[in-house]
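So the protein sequences, as listed, match chains A and B. Numbered according to our numbering, the first sequence terminates at residue 198, and the numbering increases by one at each position without gaps. Numbered according to our numbering, the second sequence terminates at residue 101, and the numbering increases by one at each position without gaps.
Any given hint could turn out to be false.
[Said to hold, decoys possible] Below, computed lysine to any residue pairings styled on SDA-like, alpha-carbon distance capped at 20 Å:
{"no.": "1", "chain 1": "A", "residue 1": "K133", "chain 2": "A", "residue 2": "M46"}
{"no.": "2", "chain 1": "B", "residue 1": "K27", "chain 2": "A", "residue 2": "K133"}
{"no.": "3", "chain 1": "A", "residue 1": "K133", "chain 2": "A", "residue 2": "F32"}
{"no.": "4", "chain 1": "A", "residue 1": "K4", "chain 2": "A", "residue 2": "M20"}
{"no.": "5", "chain 1": "A", "residue 1": "K110", "chain 2": "B", "residue 2": "L54"}
{"no.": "6", "chain 1": "B", "residue 1": "K27", "chain 2": "A", "residue 2": "M75"}
{"no.": "7", "chain 1": "B", "residue 1": "K27", "chain 2": "A", "residue 2": "M46"}
{"no.": "8", "chain 1": "A", "residue 1": "K4", "chain 2": "A", "residue 2": "P92"}
{"no.": "9", "chain 1": "B", "residue 1": "K27", "chain 2": "A", "residue 2": "K110"}
{"no.": "10", "chain 1": "A", "residue 1": "K110", "chain 2": "A", "residue 2": "A99"}
{"no.": "11", "chain 1": "A", "residue 1": "K4", "chain 2": "A", "residue 2": "P111"}
{"no.": "12", "chain 1": "B", "residue 1": "K27", "chain 2": "A", "residue 2": "L119"}
{"no.": "13", "chain 1": "B", "residue 1": "K27", "chain 2": "A", "residue 2": "F32"}
{"no.": "14", "chain 1": "B", "residue 1": "K27", "chain 2": "A", "residue 2": "R89"}
{"no.": "15", "chain 1": "B", "residue 1": "K27", "chain 2": "B", "residue 2": "I13"}
{"no.": "16", "chain 1": "B", "residue 1": "K27", "chain 2": "B", "residue 2": "V69"}
{"no.": "17", "chain 1": "B", "residue 1": "K27", "chain 2": "A", "residue 2": "P92"}
{"no.": "18", "chain 1": "B", "residue 1": "K27", "chain 2": "A", "residue 2": "M70"}
{"no.": "19", "chain 1": "B", "residue 1": "K27", "chain 2": "A", "residue 2": "P111"}
{"no.": "20", "chain 1": "A", "residue 1": "K110", "chain 2": "B", "residue 2": "I66"}
{"no.": "21", "chain 1": "A", "residue 1": "K110", "chain 2": "B", "residue 2": "I80"}
{"no.": "22", "chain 1": "A", "residue 1": "K185", "chain 2": "A", "residue 2": "E197"}
{"no.": "23", "chain 1": "B", "residue 1": "K27", "chain 2": "B", "residue 2": "V93"}
{"no.": "24", "chain 1": "A", "residue 1": "K133", "chain 2": "B", "residue 2": "S90"}
{"no.": "25", "chain 1": "B", "residue 1": "K27", "chain 2": "B", "residue 2": "A71"}
{"no.": "26", "chain 1": "A", "residue 1": "K133", "chain 2": "B", "residue 2": "G59"}
{"no.": "27", "chain 1": "B", "residue 1": "K27", "chain 2": "B", "residue 2": "A72"}
{"no.": "28", "chain 1": "A", "residue 1": "K110", "chain 2": "B", "residue 2": "D6"}
{"no.": "29", "chain 1": "B", "residue 1": "K27", "chain 2": "B", "residue 2": "N92"}
What the hints contain is simulated information worked out from the structure, not anything from laboratory work.
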Amino acid sequence: MIEKLIFYVFAALLIGSATMVIVSRQSVRAAFFLIVAFCASAVLWMLLSAEFLALLLIFVYVGAVMTLFMFVVMMLNLDQESLQEKFVRYLPFAVLLVALMVGVLVYAMKPGHLGELGLAISPHPSADYSNTKALGLLLYTHYVYAFELAAVILLIAIVAAIGLTHREKSRNKRQRIDAQLAATKADRLQILQLEAEK
Amino acid sequence: MVTLTDYLIVGAILFGLSLAGMIINRKNLIIVLMSVELMLLAVNMNFIAFSSFLQDPRGQIFVFFILAVAAAETAIGLAILIILFRHRQSINVTDLDTLKG
């Protein structure tokens, strides 16, 4: 009973904050609602006894990715008036498309269509079961190549993000070897004829 | 008790909302990127629900990789957004019509 209550409270919070993300006009407000949505879905994942991924979602997404979003939102000097234009033009099309799609999905996911899984209640693993240990055992044996590929993808992301946004500084103090080699004595040295004191 | 269908319906509604967000936000590219994040979250929700009800942790391994790829995608997407803003002084989606001819 308490599980059902937690599920409905946090599912409502998740859907409500997701709605606020897409309808809010200010990017900062949308980012804050996205943080709420991530936290609510982390609670739902906890209910499904996926503790490792729930904590990973909070650490990586709320801690790192949303910070990145916040940095970008605050770094760009956005013209707020031009962003606040009404979005009613595409609203009927969007509502129709989404209602159709969600309707088909909800119909397809009726408990009768899922076989015996549709009637099952969410299983609770035994007290000595460790979700993190089970994931680690699979990840470092069967999926170790995929794991290394994921590391390579993250490395590529770092290199690409730095390479895309890096700007050559106009006043950097780099050594210019060609200019040094091309310099002649006449450029650098000036001999003054001083009048000798008597 | 909470059944698999409940989790799948939450995932479907979340996916639909993020699709609507991509359609109606023609002015702000940052919110479109946030909708992509929400869409991946909806997919992950389905993966974890099935993984938990089938008692097979391999679905959660898949979610792990989706999270890694999504983090990389966000970093590169925001980098592209920054250079776009530097060149155009705007992140308006309707301004990006160079390929329209």
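Evaluation of the provided hints:
1. Distance hint between K133(A) and M46(A) is fulfilled; the C-alpha atoms sit about 16 Å from each other, no more than 20 Å.
2. Taking the CA atoms of K27(B) and K133(A), the gap is about 45 Å. The hint is violated against a cut of 20 Å.
3. Pair hint K133(A) plus F32(A) does not hold up; C-alpha atoms about 33 Å apart against a cutoff of 20 Å.
4. Restraint check for K4(A) and M20(A): not satisfied, since their Cα atoms lie roughly 24 Å apart, outside the 20 Å limit.
5. Only pairs whose Cα atoms come within 20 Å are accepted, and K110(A) paired with L54(B) is accepted, the gap being roughly 17 Å.
6. At most 20 Å may separate the alpha-carbon atoms for a hinted pair to count; K27(B) and M75(A) meet this at roughly 18 Å.
7. Distance restraint check for K27(B) and M46(A): the Cα-Cα separation of roughly 36 Å exceeds the 20 Å cut-off, and the hinted pair is therefore not satisfied.
8. Restraint check: the Cα-Cα separation between K4(A) and P92(A) comes to about 34 Å, which exceeds 20 Å; the hinted pair is violated.
9. Restraint check for K27(B) and K110(A): the C-alpha separation of about 37 Å exceeds 20 Å, so the hint is violated.
10. For the proposed pair K110(A) and A99(A), the alpha carbon gap of about 17 Å is at most 20 Å, so the pair holds.
11. Of the supplied pair hints, the one linking K4(A) and P111(A) holds, its CA atoms being roughly 17 Å apart against a limit of 20 Å.
12. Between the alpha carbons of K27(B) and L119(A) the distance comes to roughly 44 Å, so the proposed pair goes past 20 Å and is violated.
13. The suggested pairing of K27(B) with F32(A) holds, with an alpha-carbon distance near 19 Å, which does not exceed 20 Å.
14. Taken as a hint, the K27(B) and R89(A) pair is honoured in the structure, with Cα atoms around 12 Å apart against an allowance of 20 Å.
15. Restraint check: the Cα-Cα separation between K27(B) and I13(B) comes to about 23 Å, which exceeds 20 Å; the hinted pair is violated.
16. Proximity of K27(B) to V69(B) is assessed by CA-CA distance (about 26 Å); at most 20 Å being required, the pair is judged violated.
17. For the hint pairing K27(B) with P92(A), the CA-to-CA distance comes to about 17 Å; that is within 20 Å, so the pair holds.
18. Pair hint K27(B) plus M70(A) holds up; C-alpha atoms about 18 Å apart against a cutoff of 20 Å.
19. Under the criterion of a C-alpha separation no larger than 20 Å, the hint pairing K27(B) with P111(A) is inconsistent with the structure, at around 40 Å.
20. Restraint check for K110(A) and I66(B): the C-alpha separation of about 27 Å exceeds 20 Å, so the hint is violated.
21. The hinted pair formed by K110(A) and I80(B) fails the criterion: a straight-line CA distance of about 41 Å is larger than 20 Å.
22. Between the alpha carbons of K185(A) and E197(A) the distance comes to roughly 28 Å, so the proposed pair goes past 20 Å and is violated.
23. In summary, the hint linking K27(B) to V93(B) is supported, as the alpha carbons are separated by about 5 Å, within the 20 Å threshold.
24. With a C-alpha separation of about 47 Å, the suggested pairing of K133(A) with S90(B) is violated against the 20 Å cut-off.
25. Between the alpha carbons of K27(B) and A71(B) the distance comes to roughly 24 Å, so the proposed pair goes past 20 Å and is violated.
26. Of the supplied pair hints, the one linking K133(A) and G59(B) holds, its CA atoms being roughly 15 Å apart against a limit of 20 Å.
27. With a C-alpha separation of about 24 Å, the suggested pair K27(B) and A72(B) falls outside the 20 Å cut-off, and the hint is violated.
28. The hinted pair formed by K110(A) and D6(B) meets the criterion: a straight-line CA distance of about 9 Å does not exceed 20 Å.
29. Proximity of K27(B) to N92(B) is assessed by CA-CA distance (about 5 Å); at most 20 Å being required, the pair is judged to hold.
When held up to the earlier numbered hints, the structure conflicts with 2, 3, 4, 7, 8, 9, 12, 15, 16, 19, 20, 21, 22, 24, 25, 27 and fits the remainder.
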